[in-house]
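Visitor: Can you make the complete structure from the sequences, with help from the hints?
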Amino acid sequence: MRFVWGMVWVVIGFLLIRYNYLLVGFFGHVPWAEQHIGGGGTYTLYKIVGVIVIILGMLYAFNAVGFLTGPAGTLFPSQ
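Positions 1 to 79 (the numbering used here) are the ones given, in order, by the sequence shown.
Be a bit skeptical, because a hint or two may be false.
Label-pair distances were calculated between CB atoms; the ranges are [stated by the list, open to error]:
#1 His29 <-> Phe3: 33 to 43 Å
#2 Pro71 <-> Ile48: 20 to 30 Å
#3 His29 <-> Gly66: 32 to 42 Å
#4 Pro31 <-> Arg2: 31 to 41 Å
#5 Gln35 <-> Asn63: 34 to 44 Å
#6 Phe3 <-> Leu68: 14 to 24 Å
#7 Trp5 <-> Gly25: 21 to 31 Å
#8 Gly39 <-> Trp5: 30 to 40 Å
#9 Gly40 <-> Phe3: 28 to 38 Å
By construction, these hints were calculated from the structure, which means they are not laboratory data.
Even for Gly, the Cβ is constructed at its ideal location relative to N, Cα and C.
Guide: And the structure:
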């Protein structure tokens with residue numbers, strides 16, 4: 001089941017990248033992205049978020065999330 005949910009997130013990330021123009025048309029521009037990333041920053045922001053969602057979905061699907069959370073494990077020890 002973990003693999004299926006991971007692939008669902010990968011598809012969602014792909015859709016964010018594929019349909020970023022429609023998302024901007026629906027939700028409007030993000031002023032922070034336009035100011036800090038530059039012209040077309042909202043489109044770039046949606047693409048970056050899509051890539052991050054794809055990477056996290058793949059990590060979740062293949063049970064490799066510990067790769068990211070492992071180094072932080074010593075900061076929050078379990079009791």
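Visitor: Compare the structure with each hint and give your call.
Guide: Against the structure, the hints come out as follows:
1. His29 <-> Phe3: 33 to 43 Å: holds (36 Å)
2. Pro71 <-> Ile48: 20 to 30 Å: For isoleucine 48 against proline 71, whose Cβ atoms are near 22 Å apart, the range 20 to 30 Å holds.
3. His29 <-> Gly66: 32 to 42 Å: holds (37 Å)
4. Pro31 <-> Arg2: 31 to 41 Å: Because 37 Å falls inside the window, the suggested range holds.
5. Gln35 <-> Asn63: 34 to 44 Å: Check passed, 39 Å falls within 34 to 44 Å.
6. Phe3 <-> Leu68: 14 to 24 Å: Given range 14 to 24 Å: holds, Cβ gap about 18 Å.
7. Trp5 <-> Gly25: 21 to 31 Å: holds (29 Å)
8. Gly39 <-> Trp5: 30 to 40 Å: At roughly 36 Å between Cβ atoms, tryptophan 5 and glycine 39 fall inside 30 to 40 Å, so the hint holds.
9. Gly40 <-> Phe3: 28 to 38 Å: holds (35 Å)
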